[in-house]
Amino acid sequence: MSEEMTGQAKLFDALTTKGTAFTRAERRKYGLLGLLPLAEKTLEQQVEHCWNEFSTRRNDLDKHIYLRALQDRNETLFYRVLRDHIPETMPIVYTPTVGEACQRFSEIYRRPRGLFVSYPDRDELREVLCNRPEREIDVIVVTDGQRILGLGDQGIGGMGIPIGKLSLYTLIGGIDPARTLPIVLDVGTDNVELLEDPQYLGWRHRRISDDDYYAFIDQFVATVREELPDVLLQWEDFATTHALPLLERYRDKLLTFNDDIQGTAAVALGALHGAAKVAGRPLAQQQIVMLGAGSAGIGVLDMVKREMVAQGLSDQDASERIWVVDIQGLLTDDRTDLSEEQRKFAQPANRVGDWSLSGTAQLADVVHHVDIGVLLGLSTAAGAFTEEIVRELARKTKRPIIFPLSNPTSRAEAHPAELDEWTDGRALIATGSPFAPLQRNGVERPIAQCNNVYIFPAMGLAVTAAQATRVTDEMMRVAAATLGDASPALTDPNQPLLPAWADVPDVAVRIAHAVGTQAIADGVAPKRSDEELTERISQVRWTPEYPSEQA
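Using UniProt numbering, the letters of the sequence shown correspond one by one to residues 1 to 551.
Simulated from the structure, these hints should not be mistaken for laboratory data. Some clues are possibly wrong.
[To be verified] Keeping only pairs whose Cα atoms sit at most 25 angstroms apart, straight-line, the calculated BS3-like set for lysine-lysine is: (1) 527 x 253; (2) 41 x 10; (3) 29 x 41; (4) 277 x 396; (5) 398 x 527; (6) 10 x 29.
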């Protein structure tokens, strides 16, 4: 704040209040005497009170509403509650509970947070951006609400995603909450239920045409660049038809990334990196098959190939070790139905010429004929990793790496318990959805979930501390490799491939340092020594503590 706040302004400002933790001296200094009950509480006592209250809430949505209200009332206390209870609160603040909060956004709306950038206000975008509550912003998360999780078009209700995501930037990455800004681009909705709902708070209009849409986004980005030239702009939950074009359109013009594309790929690579180390066979020596050739699957494979090249392979050699199967079968260079992105991973048709096939090679054929060590799934084809396929894979390698990454749980290519049984406990498993721990020989074995929270908060911390101007592919790859190096399974075979939630903030610091170092090497951040970068990370990292008053 530029001016000293006093009285009720300080008491009721969520970023500065201490509530009942104001001391008597502070109450007199700021004119708060008599505005609070006499008792002075510590932050720890306030956390205990809030946790008891949180625990009485009837269901997860009520718990989400309670935490959002706490966030609007006292941000320091909100983040301290989250920090002290990370495993319990992350699913409430973000997925899966945030999905229902988005669906019922207009119903549970209480107080404004962030910016609602609406198409009817397109001629006043500068005014809208200038009305942001805080002047200095490090991270923006923006959505247009069209593809919210697996729920589809939620219109303005998609605002719940940037709010929740930025909460994790702060909780895990230590980004100062005063320097974050959630934004929803209200360009209409094609959700008929919302259009007919009298409670709906957004623009009651069908989504605008692509020509108008891209012109509006251009205008929005230009205004952001003028107002906040150094901000990290993260795209979130845009429809597949818009997500990649927007990323390609702006990635070389400003500090930006798309978490659904790049973050998803980095987390998957991080888990793979750790699994390959546990298996004792580097990725560059593995044959990999991916079931699913959509944008998510291809995004993961782009990053996997980048890691293989970093380990010494040529681009062509890396591509030849990657096999991709879609609904039609194996991607080969004689197919005419492939996109440009898919064609990069099409195998030469002559490689399967002697396979004695009755048609296009399928997943089972690839696993049978190739020395596959890694099986990935982003197909949403439930049960596609059959017992026959998995047992065949397990016969070929001592530690098969099997990642059924499709969401939700009902769409997973296999259940971890099945994979564990079919491989006699030898499989290294990570999933896209949360699953209960496995039980084998009386020992509980947690299953790693490839959640993007392992990457994006660390990326925010890295670019903020390093003062990066771009997010490069190498920065993402290094983030993934550093995450893989933190795998608990490297020291204990009964531990998951990815760190426990409670350890993620510490891992984020390590990732941020590695990414910051790469940003300097890539020439997109000012030169600093390791010691200077470490100091910068420490300086910018916010922690949920009340500032102590000077006597």
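Checked hints:
1. 527 x 253: holds, 21 angstroms
2. 41 x 10: Holds, at about 17 angstroms.
3. 29 x 41: Roughly 18 angstroms between the alpha carbons, so the hint for residue 29 and residue 41 holds.
4. 277 x 396: holds, 18 angstroms
5. 398 x 527: violated, 44 angstroms
6. 10 x 29: Status holds; Cα separation ~11 angstroms.
Taken one by one, the earlier hints fail for this structure only at number 5.
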